[in-house]
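Line by line, the protein sequences are chains A and B. The opening position of the first sequence corresponds to residue 1 in this note's numbering, with each subsequent residue numbered one higher. The opening position of the second sequence corresponds to residue 470 in this note's numbering, with each subsequent residue numbered one higher.
Think of the hints as simulated: they come from the structure by calculation, not from any bench. Here a beta-carbon is modelled for each residue, glycine too, at the ideal position from N, C-alpha and C. Treat the hints with caution; some may be incorrect.
To be verified - Covered stretches of chain B, going by a simulated chain A footprint (3 or more residues, C-beta under 8 Å):
(1) 553 to 566
(2) 573 to 579
(3) 769 to 782
As the list claims (entries may be wrong) - A few chain A positions that, by computed beta-carbon distances, are all more than 12 Å from chain B:
(4) Leu196
(5) Gly221
(6) Ala231
(7) Gly238
(8) Glu243
(9) Thr258
(10) Thr403
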Amino acid sequence: MPFDEMLTEDSLPRAPYKGYFNWHSEQKTSDLIKKSQDAENIFRKTGITFAVYGKEDSSERLIPFDIVPRIISGSEWRKLAQGIEQRVMALNAFLDDIYHKQEIIKAGRVPRALIEKNDAFLPEMIGMRPPGGVYTHIIGTDIVRTGEGEFYVLEDNARTPSGVSYMLENRETMMQMFPELFHLNKVRPVENYPKLLRQSLAAVAPPGCTGKPRIAVLTPGIFNSAFYEHAYLADQMGVELVEGSDLRVINGKVAMRTTLGYEAIDVLYRRVDDDFLDPLSFRPDSTLGVPGIMDVYRAGNITIANAPGTGIADDKAIYSYMPEIVEFYTGQKPILENVPTYRCSEPDTLAYVLEHLAELVVKEVHGSGGYGMLVGPAASKRERTEFAAKLRARPGNYIAQPTLSLSTVPILVKKGLAPRHVDLRPFVLVSNKIQIIPGGLTRVALKEGSLVVNSSQGGGTKDTWVLED
Amino acid sequence: MLGRTANGLFWMFRYIERAENTARLIDAGLRMSLTRMHGHEEEWESVLRSSGVFNAYSAANPQVTGPDAINYLLRDKSNPSSVLSAIEAARNNGRMVRTALTREAWEATNECYLDIKAKLARKISGDEMPEIINTIKQRTGLIRGAFHGTMLRNEIYNFSRIGTFIERADNTSRILDVKYYVLLPAVSYVGSSLDNVQWESILRSVSAHRSYGWVYDDDYKPANIADFLILNGRMPRSLAYCYDKINANLTYLEREYGERTSCHEIAAATLGMLREREIQSIMDFGLHEFLQDFISHNSRVAAEIAEVYRFYQD
């Protein structure tokens with residue numbers, strides 16, 4: 001039996017859920033289902049949608065929202081937050097190191113080839129120190145839970161983590177629909193995220209920037225799957241939402257085309273991948289970026305958040321080294337555990353993985369969004385055989401992990417409550433300080449027994465409460 | 470404000486206007502086909518011409534029939550001026566400039582799109598038409614209402630309004646141009662019942678058949694109809710009215726930006742011309758020639774605005 005966060009094995013509510021559980025017991029399921037449809041209508045009306053690539057007709061979808069909150073106690077959160085903070089510090093130190101002295105390679109803790117032959121490693125960043133020394137301004141750490149006090153870090157999303165708009169809209173919707181719940185429970189606020197993000201970005205403006213820094217959000221455009229979020233964040237922060245075609249390098253600064261002419265930008269929160277950022281430095285066919293922006297960056301005249309080349313820190317092949325990385329830079333044991341990870345690039349390990357495919361989760365090193373992965377226990381024999389062939393062909397492209405017994409949180413179904421597996425993505429802002437927003441995005445696998453929580457694969461979301469205690 | 474945002478607002482409102490205008494044209498076409506005894510293909514052909522899509526329609530359809538024309542104008546995705554395409558384009562532009570819109574204005578646009586897309590997911594039969602046309606008018610009306618009720622009167626508002634009136638001026642002049650021959654003082658037809666129906670159809674295409682009676686006398690007279698739709702400053706779809714609004718909004722931009730530019734000059738000159746001209750002199754000059762000049766002039770004004778306010782990358 002997986003660990004259920006709301007109920008004990010005797011079906012009694014655990015401490016953080018007591019208030020909610022009592023309230024819930026007094027509600028009629030049919031009323032709650034009605035509310036849940038109202039919530040969906042709100043989302044549809046507002047246009048909170050995401051695009052699913054490769055599906056022509058249903059190009060815009062809603063991410064299903066479940067109205068049962070996921071609740072974390074204050075003490076659980078404190079441990080999590082400490083662990084995340086430690087990890088985020090280590091990630092930034094690691095990035096600074098591998099783009100400068102490479103001490104960790106010299107110390108033999110991380111193999112040189114793993115860094116230098118990695119696509120996510122950008123030679124253009126060697127010797128380059130971003131304003132304020134910050135590489136990862138926004139991080140979304142994916143966490144899973146297996147039991148009381150047992151948390152694992154599944155992924156460090158250090159490039160351009162998305163989902164924070166859902167965290168905010170979910171809370172907004174819950175507060176609108178169930179104001180009484182927020183009187184009964186002391187829930188720590190997340191609403192100030194846009195303000196904190198803006199302050200955080202302003203705090204790392206280039207040193208030459210005098211006066212109020214000019215900030216913009218760079219989006220690939222309305223057809224990007226996360227466009228809603230880009231527009232939402234720009235709107236909430238009160239900054240411009242720009243596309244590559246709006247920007248140009250003028251007099252050594254990146255400037256945006258306004259109705260009155262070009263105006264310089266100091267900080268660019270980019271939601272465009274490294275490859276597309278600058279056709280002069282990276283992919284020449286990119287129309288999403290700004291020709292020459294890397295020169296401006298290297299001259300210290302713009303802050304790019306997150307910094308180019310941060311992908312090397314959240315690469316799945318690097319992930320297995322995170323415990324060493326944390327220890328190397330902080331001098332302490334990691335507070336949060338890594339999921340044990342098999343590197344298929346190593347022959348012995350590959351043999352083991354192939355033999356135990358039915359028990360393991362195998363992921364592509366560079367994959368994301370739940371694409372290109374195999375969940376062994378859930379896969380058919382044929383799927384496993386096909387996957388094994390891919391593994392043998394390019395072992396270095398894969399890592400494998402044991403199937404964790406992910407915790408469950410109930411969702412609302414017709415018959416009442418039913419447990420479903422969840423994960424958690426708290427959001428972290430890094431400037432001259434590290435701020436972790438108390439809450440995050442809880443993703444939930446809506447299918448009974450399923451472990452895949454990705455929205456592109458039928459996952460939904462929940463409001464996530466961190467209690468004040 | 471970004472040049473691209475100004476462009477997005479401009480086109481968002483052009484497309485909303487276009488969706489409404491196309492719906493109105495279909496409405497007038499339907500009305501004509503009800504009142505005509507025989508062969509209303511001509512009427513649908515002129516509707517297609519007014520919408521500026523006759524050639525594209527003919528390339529895709531062997532002949533002009535009411536149901537085909539309606540389908541093409543209402544929901545054909547390959548027709549960029551169809552109601553469905555226009556609403557979708559308006560909504561995509563709205564999404565692009567989401568940060569410039571109030572929540573109310575955006576939600577009205579999004580809901581308009583969701584509703585009309587669902588309703589136009591399949592072919593519409595004749596008896597459903599009145600309801601569909603009504604829905605389109607109501608939905609676009611809700612966008613306008615939310616927009617007027619909640620938007621700050623600033624540059625965002627100005628670019629949106631300019632888009633609306635450039636599109637409307639284009640539309641009114643095209644409707645007149647396609648039908649200019651029925652307004653010519655040709656002796657043989659004058660006063661015939663055929664003329665009456667034709668004239669009424671022009672007025673219906675711009676929802677002006679009732680107001681005409683208020684402003685002029687009850688009889689339709691070609692010169693009055695032309696005067697109403699070109700020069701009457703109180704008629705909200707007339708060219709004079711459109712240019713009055715375009716100028717007013719350009720003047721706000723001039724004040725806000727502290728800069729008078731070439732687009733102000735040519736828009737002001739157009740308004741001056743519309744205020745001074747008499748309808749008789751236009752009829753004498755040639756209504757068709759006048760309208761052709763106007764249509765290309767109107768596009769020049771739009772292009773000049775796009776240039777001055779940096780709508781596109783140079």
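To see whether the hints hold, each was checked on the structure:
With 3 residues bearing a CB less than 8 Å from a CB of chain A, the stretch 553 to 566 of chain B meets the requirement of three and the coverage assertion stands. With 3 residues having a Cβ less than 8 Å from any Cβ of chain A, the stretch 573 to 579 of chain B passes the three-residue criterion, so the hint holds. A stretch counts as covered by a chain when three or more of its residues have a beta carbon under 8 Å from one of that chain; for the stretch 769 to 782 of chain B and chain A the count is 3, and the coverage holds. Annotated as non-interface, Leu196 of chain A keeps its C-beta farther than 12 Å from every C-beta of chain B; the closest such distance is 19 Å.
Once the 12 Å rule is applied to beta carbons, Gly221 of chain A is inconsistent with being away from chain B; the minimum gap is 8 Å. Chain B draws Ala231 of chain A into its interface by the beta-carbon criterion, the shortest separation being 4 Å against a cut-off of 12 Å. The claim that Gly238 of chain A is not at the interface with chain B is violated, since a C-beta of that chain comes within 12 Å of its own (minimum 9 Å). The claim that Glu243 of chain A is not at the interface with chain B is violated, since a C-beta of that chain comes within 12 Å of its own (minimum 7 Å).
With a minimum CB-CB distance of about 6 Å to chain B, Thr258 of chain A fails to clear the 12 Å threshold, and the non-interface call is violated. Every Cβ of chain B is farther than 12 Å from the Cβ of Thr403 of chain A; the closest lies at roughly 40 Å, confirming the non-interface assignment.
Hint compliance for this structure: hints 5, 6, 7, 8 and 9 are broken, all remaining hints hold.
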